[in-house]
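Visitor: The chain contents come next:
There are 6 protein chains.
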Amino acid sequence: MAGQQPKPLEGYSKYEYFNITSPAAFVAHVEINRPKKLNSFIEAMWIELRSIFNQLSVDPEVRAILLTGAGDRAFTSGLDVQAASENDSAIQAANSDEDGARTATKMRRHIYEFQECITAVEKCEKPVICVLHGISIGLAIDLSCCADVRLCAADTRLAVKEVDIGLAADIGTLSRLPKAVGSLSWVKDVCLSARFFDAAEALRVGYVSEVHENKAKAVAAGLERAILIAEKSPVAVQGTKELLNHARDHSVDESLRYTGIWNSAMLQSSDVSSALLSGIQKRKPTFEKL
Amino acid sequence: MAGQQPKPLEGYSKYEYFNITSPAAFVAHVEINRPKKLNSFIEAMWIELRSIFNQLSVDPEVRAILLTGAGDRAFTSGLDVQAASENDSAIQAANSDEDGARTATKMRRHIYEFQECITAVEKCEKPVICVLHGISIGLAIDLSCCADVRLCAADTRLAVKEVDIGLAADIGTLSRLPKAVGSLSWVKDVCLSARFFDAAEALRVGYVSEVHENKAKAVAAGLERAILIAEKSPVAVQGTKELLNHARDHSVDESLRYTGIWNSAMLQSSDVSSALLSGIQKRKPTFEKL
Amino acid sequence: MAGQQPKPLEGYSKYEYFNITSPAAFVAHVEINRPKKLNSFIEAMWIELRSIFNQLSVDPEVRAILLTGAGDRAFTSGLDVQAASENDSAIQAANSDEDGARTATKMRRHIYEFQECITAVEKCEKPVICVLHGISIGLAIDLSCCADVRLCAADTRLAVKEVDIGLAADIGTLSRLPKAVGSLSWVKDVCLSARFFDAAEALRVGYVSEVHENKAKAVAAGLERAILIAEKSPVAVQGTKELLNHARDHSVDESLRYTGIWNSAMLQSSDVSSALLSGIQKRKPTFEKL
Amino acid sequence: MAGQQPKPLEGYSKYEYFNITSPAAFVAHVEINRPKKLNSFIEAMWIELRSIFNQLSVDPEVRAILLTGAGDRAFTSGLDVQAASENDSAIQAANSDEDGARTATKMRRHIYEFQECITAVEKCEKPVICVLHGISIGLAIDLSCCADVRLCAADTRLAVKEVDIGLAADIGTLSRLPKAVGSLSWVKDVCLSARFFDAAEALRVGYVSEVHENKAKAVAAGLERAILIAEKSPVAVQGTKELLNHARDHSVDESLRYTGIWNSAMLQSSDVSSALLSGIQKRKPTFEKL
Amino acid sequence: MAGQQPKPLEGYSKYEYFNITSPAAFVAHVEINRPKKLNSFIEAMWIELRSIFNQLSVDPEVRAILLTGAGDRAFTSGLDVQAASENDSAIQAANSDEDGARTATKMRRHIYEFQECITAVEKCEKPVICVLHGISIGLAIDLSCCADVRLCAADTRLAVKEVDIGLAADIGTLSRLPKAVGSLSWVKDVCLSARFFDAAEALRVGYVSEVHENKAKAVAAGLERAILIAEKSPVAVQGTKELLNHARDHSVDESLRYTGIWNSAMLQSSDVSSALLSGIQKRKPTFEKL
Amino acid sequence: MAGQQPKPLEGYSKYEYFNITSPAAFVAHVEINRPKKLNSFIEAMWIELRSIFNQLSVDPEVRAILLTGAGDRAFTSGLDVQAASENDSAIQAANSDEDGARTATKMRRHIYEFQECITAVEKCEKPVICVLHGISIGLAIDLSCCADVRLCAADTRLAVKEVDIGLAADIGTLSRLPKAVGSLSWVKDVCLSARFFDAAEALRVGYVSEVHENKAKAVAAGLERAILIAEKSPVAVQGTKELLNHARDHSVDESLRYTGIWNSAMLQSSDVSSALLSGIQKRKPTFEKL
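Residue numbers (UniProt numbering), protein chains in the order written: chain A, 1 to 290; chain B, 1 to 290; chain C, 1 to 290; chain D, 1 to 290; chain E, 1 to 290; chain F, 1 to 290.
Worth flagging that the hints you see were computed from the coordinates, not collected in a lab. The reader is advised that the hints may include incorrect statements.
You can't tell identical chains apart in this list, so a pair holds if it fits in one copy or across any two.
[What the hints assert, rightly or not] With a straight-line Cα cutoff of 25 Å, these simulated SDA-like cross-link-like pairs (lysine to any residue) come out: (1) Lys284 - Ser193; (2) Lys106 - Glu116; (3) Lys106 - Leu277; (4) Lys123 - Tyr112; (5) Lys106 - Ser273; (6) Lys282 - Ala83; (7) Lys36 - Ala216; (8) Lys123 - Asp253; (9) Lys217 - Ala200; (10) Lys106 - Ser270; (11) Lys106 - Glu242.
Bound-form chain A, shown alone (with noise of 0.2 Å):
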């Protein structure tokens, strides 16, 4: 990728703190641009990604996004907590006069809000590639369990940095790190010590697939998945990531039965005889928009 500028995807210009791109046919690359506070989240950061994610779902020009943090020192270094003690609403409520059943309300109805902003990754409907280098704490967990496949760079750092600032993390990490790596033990260990981990280690326990030598690399690498699965139906790459995410949190019974129900239309496409017809000319299918 070094050396050309991606261009510009059409209709995401609006977006102030998101760079927002498109190096390859079908695919996004949304960038998380504020490298000077090491991407750190504010407020309006975390609106933004959920109104750019929102229209990415139903963009029929997008079939794959990539997710990248600006600069080299952090994807992102969390939530932006001297911007948040001096403007978060939540806060700032909790400081107030009033008693503790209203300042409660307040902070439920305020953790939704921020859950939202972060769930709309997973809610996508294309499939997220999320590329993690440099510093990686706190939101970059949140924000990296929504992405559907996480690489990352050898100099990547990762922190469930929460119980550090006096709270159990609220924003998804601790709902969705459980499904995402298979080691209890080693989830309950950086969740309660806060505790630094690396690219090596991230790796072995499953929270990343791959881990890649510098940034740029690790950026490559996600850039080549995502035209992977740019290239292939659409119909078929957007049921596998809503059918995974549904298993992930229902019995196989139930999840054979909602699988039967969705390709019971979603088979209904073209994209079978495109693809099966492909493989024998030996060529690349081309699928109709979705």
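We have chain A; now place chains B, C, D, E and F onto it with these hints.
Guide: Frame of chain A, contents of chains B, C, D, E and F only:
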């Protein structure tokens, strides 16, 4: 095993596409037997498969099952797409001129029947040790996901291949794979990209629990494991399979409760005293038929 | 730890089969103490265990718990089968001449009580770091599955031994192990075969998160981890344990909702500002009793 | 209906214990036909029942089903206890000298098969209108619980009779009755006391939705209802049955999601325009086979 | 209410199809206002509906909501089918020449958005008292199912009308009605037959909890109920709504746990002492904004 | 019952606030006995309640339980608010100066303990017949929701009173009432408005299943029902209670499965043949202790 011809298992000679033998006491060996077509499945085969495993499930002569594919080249290359495109009622339904709702109804019934055939392996009351080798794609994953223990030969080449023919896998892989291995990033990667993964990778992520040098050694190891299990109390073994499958799909609280009720009946067996006594006397226990 | 005698934890001297000490501020060390019998459990012990962990759960002097076994040979060799066969009310019930329904009723009540005793470790509000060593079979797995973080010594020999005495494990292993590690093939292999696995294998599959050279070093590492956690905000730590356990057993949507409600109350603590301030001032924070 | 002999439904003449006729277009009438024994069930009958409803489920000539009992005296008096005590494999198993675990295994398989036979009525894709009359106890409740709409004659005498023969009902009544009517106090009263309740009480608590003067009028009303439903879009009707059964067993959120996927396929039918057009033209619509 | 013109509720004048007034302190009255078209819904209306109830949900000036339909003839006659057939994107999608999978995708998104709009009434944190009158079919049931309390006028004519236009209701009726009333036989009857039922029948089965002589009296009773609720502690009232909705969709154990966590925050309000003190002093309590 | 003094039930004389007698063979009568305070509950009482029902649950001399309140005026007027405001640890906690998280933690533990005490009535293995009379508000609903069968006297005045003291009911009413009666509109009405409802209304919505002229007659009817149940097979009766409670909280599929496993043990009783034989011989059966 090489060199000796295991005797056929009584009552199973009626099946056309599977060899069913008895290589050891209380062990059944089910071999997919269409090696010239890479053990690919036609409709008659998955209907036979259901019938075989339903029969094994309640056959008191069987306490452990080994599942393998005939020939050197493939465990199975999946659905016989050519045969399916010629004969498959669902695919033909999709080509008819009836409306989308009516096509969907036929599709749905078809998928549920196909799922049920594969699920028969999981619902079989006896443990199933599956040994993969060579080409093991598509239905190979759906099917081996239903086995209890998976081993493989070093030459195994696996892939969740369905997106490459334009559809989301709907016979079980997407429902079971997220619960068979720990890394959701890896699961999504292989399901969305349809890329191949080899024996070493399958071991690293935990899809198989052992890799052996070649097919013969893998099958021998699988048989050894089946024999080991078949020598144990069938009450204990079959209860263990049932309770582990239940646990996968339920909360710990639900699972503990179910376990208590299960064992309130199943502890009333003579196997406990047989096992304890044999332990003291340093001899192999024998257990009543189940 | 060697050489120094940690002081007893106040209020726990009444227990006979467990040493309960306070090796560091806010840390409790629970040691199974029946080394001559390989720390095997008799009924009085699991009833004590429940009582101890219920007491620790609400003891404001305790913020992290270390769980180990006394002596060099075993964490625990499981149920004291000999004592059980002589005294166990359930086993005796099974031998009486009452009908199967009545025996089952006694069995069921007995299993539920036994389960509840072991589950007390999981339901304890404070994190439990379990250090395994030597023989660690049967109940050792049930029990360590309830801990939050598992470490072990290099000499640890583990097995889900129950099928070898003619029964399916019913005190928790079969309910919790499939959710503690990622490879279901491995889980079924060890549960169906009752084979031993060592520390290295336990690490590879993620059952333990660290292996140390010997018991002393493993216990030291466990203590260090407990101290690290005990120094953090108890509101954050206990919330993290609760939310991770909830997530294991619920869908992500359910878990996010529960998390929001939990934190709407728990963010109303002084711990957030204490933690932030200490961070800025580079000193250790102190937190109010919880 | 009296006086006219409805023609047999094609393809169902093989059944011995049930009369299966076609009293109107797209309506099947299944009559339990063992009136000399009060329509009590022997094993062959519930196996026939499963086969019949599985066949009706996919028969394009059938869009609504009427289920009644032959003769004046009983819908069904339940299991033929005398025949069961002589022939029933499960009861004989219980009398054998094998151990409790082995007996339980046979019992469990037997109960599951019996449940599955009765459940076939619920799983049948077409709506089932059940008309009760006279003695309607034991299996009568299990069976009618699986129907979609229940009507009865004024002379109906109902009871959940199982506790009076020393067992908890296990073929479906205890699973379905709490969700079929609103008053849990009433459900527990009739299930724990085994007392009779009459048509008026069944109507008051909502177990039946209509009471008619006598059997003939109740059957006529049931037929009228079946005809009304059979004239409507089969896509709409069968979807409605499926979605209501799903809703009973799932949260509203789950159910809404399932509904959306179901209808994404099922709205692609010509029935919507047929129905709308017929509405405008004030004529009866016709719908394609389903 | 007659004769007096309630003042508009501040902040809601922007809505075109709904009158939103404040007939009493802390009470909002939402009136569907398209009486010439029998209050039938066009797409713009259900989008407004969502916006209105999302706004009411967090408006501290509102503690109870009355929902009615303008004019004498109808609460609502449901979807404006004519407008829908001309403009509705989903129905047009179905008519296009794209394949079934692509049509299904648009349908699915459309249904989910429509569901979400109606669900906003249920998710609104404040209780909603719905008063039905006149024609109340199709969407009228979907919508009133989302209200908390349902009253109606004696002239109300209700029907789950969807099967008569060739589709299974998919905006909420089939998901919520089985949990709103007790008799599943009745639910299936009215959903499968699309027959009308009147106010008396609605009361008998519990769909409404009161029937009043005419619309004016029913609305007056609804307002009285809303005022009664609005005078109570908003912490208590909104918690009660939330916990009852949670209980409908969860097991009792889950619900008790959720309740405990909810109230651990919400009991920290001044409302308890305000309420107790007012009780002693025999005066109306006042409660802080929420 | 009038005029005769039932003998005390052996082993229950230690309880202070409850009279526990044995009015008939295998029947226990638990009477709330604080009539001067309208049987209102102080903390010591609900702790006694738990202890009593835990003891009854496994007492082989007891097969059915009658639960009533002493005196003419009230079943119970609920929590003794005055005593609670003076002594209650949770309410005092809320008044202390600790932070909201710490207060919430105490609250949560307190609510869970209180819930557990009331839930003991539901979890008791024997059926509980509850007879309400006079004032029956607040805790009276929480408590009677846990009983299996509810009867009442004509003078009963019921209310879910909690919102009037500024809180959402958290001891069980909101979790259980939506599943105890069919009309959700009615449930929400009485829970949100805290209005009284009388015996006739309680019968109409199905909260009670019988209304009797006065307390004496209601208690006599309750006793009669308890005797009827106590004469039946305890295996059948206790299984029926367990399975109905399970069904309330699970899908039909889950419930059928659980039922099969339950009965695979519980059918192995001598009660079936005792019951059948007694039926033939027209005499009352006797059943072994359970």
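Visitor: Now look at each hint and say whether the structure bears it out.
Guide: Here is how each hint holds up against the structure:
1. For the homomeric pair Lys284 and Ser193, the shortest alpha-carbon distance between copies (15 Å) is at most 25 Å, but the shortest distance inside one copy (49 Å) is not.
2. Taking the shortest alpha-carbon separations for Lys106 and Glu116, both the intra-copy value of 15 Å and the inter-copy value of 23 Å come in at or below 25 Å.
3. Taking CA atoms no more than 25 Å apart as the test, Lys106 paired with Leu277 passes between copies only; the shortest distance there is 24 Å, against 57 Å inside one copy.
4. Proximity of Lys123 and Tyr112 under a CA criterion of 25 Å is satisfied in both settings, with 15 Å inside one chain copy and 13 Å between copies.
5. In this assembly of identical chains, the alpha carbons of Lys106 and Ser273 lie at most 25 Å apart only when taken from different copies (19 Å versus 53 Å within one copy).
6. Taking the shortest Cα distances, Lys282 and Ala83 sit within 25 Å of each other only across copies (20 Å), while inside one copy they are farther apart (55 Å).
7. Taking CA atoms no more than 25 Å apart as the test, Lys36 paired with Ala216 passes inside one copy only; the shortest distance there is 19 Å, against 46 Å between copies.
8. For a Cα distance limit of 25 Å, the shortest separation of Lys123 from Asp253 qualifies both inside one copy, at 22 Å, and across copies, at 11 Å.
9. Taking CA atoms no more than 25 Å apart as the test, Lys217 paired with Ala200 passes in both settings, with 16 Å inside one copy and 24 Å between copies.
10. Within a single copy, Lys106 and Ser270 get their C-alpha atoms only as close as 49 Å, which misses the 25 Å cut-off; across copies the closest is 16 Å, which meets it.
11. Taking CA atoms no more than 25 Å apart as the test, Lys106 paired with Glu242 passes between copies only; the shortest distance there is 15 Å, against 32 Å inside one copy.
When held up to the earlier numbered hints, the structure conflicts with none and fits them all.
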